[in-house]
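Modelling step: build the complete structure from the supplied sequences, incorporating the hints.
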Amino acid sequence: MAKIPTPEEVSNISFQPPAKGWMDTKPEFKEGCYCNAASPKWVEWLEYPFPRNWSVRDADWKLPPNWKEIILEGFEDRLGRFRTLKLFMDICVRCGACSDKCQFFIGSGDPKNMPVLRAELMRSIYRRYFTTAGKVLGKLAGARPLTEDVIKEWYYYLYQCSECRRCSVFCPYGIDMADLTILGREMLSSIGLNIEWTMASVGSCYETVGHIGATPQAYKDMIDFFAEENERVTGIYTNVTYNRKGAEILFIVPSGDYFADPGTFNYMGYLLLFEYLGLDYTISTYAAEGGNFGYFMSHEMGKRLNAKFYEEAKRLGVKWILGGECGHMWRVCNQYMSTWNGPADFLEEPVSPITGTKFENAKNHKMVHISEFTADLIKHGKLKLDPSRNAHIKLTYHDSCNPSRGMGLFEEPRYIIKNVVPEGNFIEMPPNTIREKTFCCGSGSGFNGDEYLEMRFRGGFPRANAVRYVRDKYGVNHLACICAIDRAVFPPLMDYWVPGMDVIGVSEMVGNALVFPNEMERTTDLRDRPLVGYEEAEEEEGGETE
Amino acid sequence: MAVVEHKGKTFEVDEDGFLQDLDSWGPDWVDFVKESEGIHELNDDHWKVINILQDYFKKNGIAPMVRILSKVTGFKLKYIYELFPSGPGKGACKMAGLPKPTGCV
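Residue numbers (the working numbering), protein chains in the order written: chain R, 1488 to 2033; chain Y, 127 to 231.
In case anyone wonders, no lab produced these hints; they're calculated from the structure.
We put the CB at the ideal spot given by N, CA and C, even for glycine.
Accuracy of the hints is not assured; some may be wrong.
To be clear about the criterion: a stretch of chain R counts as covered by chain Y if any three or more of its residues have a C-beta under 8 Å from a C-beta of chain Y, and this derived list gives those stretches [stated by the list, open to error]:
#1 1518-1529
#2 1692-1702
#3 1932-1944
Straight-line distance between alpha carbons at most 30 Å, and here's what the computed DSS-like set of lysine-lysine pairs gives [said to hold, decoys possible]:
#4 Lys135/Y / Lys1549/R
#5 Lys174/Y / Lys216/Y
#6 Lys1866/R / Lys1905/R
#7 Lys1707/R / Lys204/Y
#8 Lys1924/R / Lys1599/R
#9 Lys1507/R / Lys1555/R
#10 Lys160/Y / Lys1528/R
#11 Lys1517/R / Lys160/Y
#12 Lys197/Y / Lys1881/R
#13 Lys216/Y / Lys1707/R
#14 Lys1517/R / Lys1626/R
#15 Lys202/Y / Lys1490/R
#16 Lys1528/R / Lys184/Y
#17 Lys174/Y / Lys197/Y
Going by beta-carbon spacing under 10 Å, a handful of chain R positions derived as facing chain Y [claimed, not checked]:
#18 Asp1708
#19 Gly1743
#20 Gly1777
#21 Phe1780
#22 Cys1970
#23 Arg1974
This is the structure in structure tokens:
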């Protein structure tokens, strides 16, 4: 693995563009800044084209002989199928509003990470082959021929875009870079260029319970473990049913929440909430993945994985789906589900069985976000909460890109947080770094791999910088979020830029605060950390798992 | 896919250096990872972790979640990091010949 430069080295960013023009500047594949090639095993498994052993480090990427034809036909086909692509290719006036809005540009200083120029990498090919001006005038019209170097450049920079859509918030035309990245990655995939992290996740999800490759028995083992842990810490055993036909609600979470810390504590929080409510729900050992890494490689693959939710909901005969704290899951179900696999007319318009609230916003896809569900419960006074149990948590809240920009989920998580922590414990980061202007964690869209750490730290720098600001100014010690990729990638990002910052899910704090009628005296939070006022007793017993 | 050689033996590994196939796991592999992980000498606790990881994987098709590993071994996470400096996922799983988990982890 590449040596990770120090924070001092990484923050010494040069914004001086190269002397030569962008078309004449080839990307330098810097260790730590590109994703590894997918192994043929996964490509074969998913029946995707051109499985082969290849490496980004090799000069020869072993492209199929007719790669150029495939790309150009693929481009033409997509121009016909996606009006967005055609529009975004034509409409940019190069005003530059987006140029300094991308966290990968801010963190790397590489001009090709300016969204306008990243799009230009594709636009220049569009002009050359699909516009008269480009065909005739060539470079003068911003056109260039398609070569292997162009393909390598696409690979490098389309995998330095996390599809977070921050740039599109600032674009006066609303050009959506994520859409372009998705289509560009599809074209790369059509000639057998995929990244390992995404393909391994997708292959695993296609064959097993979810991205992590768990079998049904492993999944059950983990959920049973949480029930035992809940009983140990709170005295409440949280009952779960698996694959139960006729349940009212199917609950789906990202696999990070039952496999990786600190998401696992969030899962304990979900279970406590449902036990408290006596909710008629079930979880599936087939559709146990809220995330959809298929969406990070092609529409087709995203559609295949998304189908699992709906097939399972249909099979079990549930009324609607409740979804956990996942990021891109919400972008998928809000913006893609109805045209990919929908309409889900075999499900009912979601209604909270506790409050009677109709979730009209979920009328189409029939999925309710756990934050909407919980906020509604609190609003109706259905939860007894003791915020003092989160008194040791002074937090700021990271708007995860997809739920915030993809579905406008700004208020609900904040409303929950304000009700589960003592007044004054919740501090916002600066306004231009939150809500729809939130900065990406730097690792979305399949960038969790360790080979990519330097770029993750660069891309995560603007977010980390805002976290550091509230730590230094207000003594914030926790970063809350509602996305499992966030929960997986923030711990190393924080260790790197803002040491001492813990990462926490919102539902974990709900679990801490929830007061059960028959509970035992709580002296710790779900992580076995002593509550304020119980620090000394805890020191003698130990019992930490972290 | 790459191939690494150690003391005359060859192993097929992925780009992160994880063994491709648990069947090719053996003492030589452990010895190889031990060096790259900077572990001086393996003790009983190392082996306890390795054996539990492999048993769990054979039964469940996946490495145990860290908190389950901690519970089953009786070792606190901090101690597991002392045993395997690059952690239970990268160090211990690699040494035990397990594939690395993917997704939101």
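Against the structure, the hints:
no.	hint	verdict
1	1518-1529	holds (count 4)
2	1692-1702	holds (count 8)
3	1932-1944	holds (count 4)
4	Lys135/Y / Lys1549/R	28 Å, holds
5	Lys174/Y / Lys216/Y	17 Å, holds
6	Lys1866/R / Lys1905/R	12 Å, holds
7	Lys1707/R / Lys204/Y	26 Å, holds
8	Lys1924/R / Lys1599/R	21 Å, holds
9	Lys1507/R / Lys1555/R	26 Å, holds
10	Lys160/Y / Lys1528/R	27 Å, holds
11	Lys1517/R / Lys160/Y	28 Å, holds
12	Lys197/Y / Lys1881/R	29 Å, holds
13	Lys216/Y / Lys1707/R	24 Å, holds
14	Lys1517/R / Lys1626/R	28 Å, holds
15	Lys202/Y / Lys1490/R	28 Å, holds
16	Lys1528/R / Lys184/Y	20 Å, holds
17	Lys174/Y / Lys197/Y	13 Å, holds
18	Asp1708	6 Å, holds
19	Gly1743	3 Å, holds
20	Gly1777	9 Å, holds
21	Phe1780	7 Å, holds
22	Cys1970	8 Å, holds
23	Arg1974	7 Å, holds
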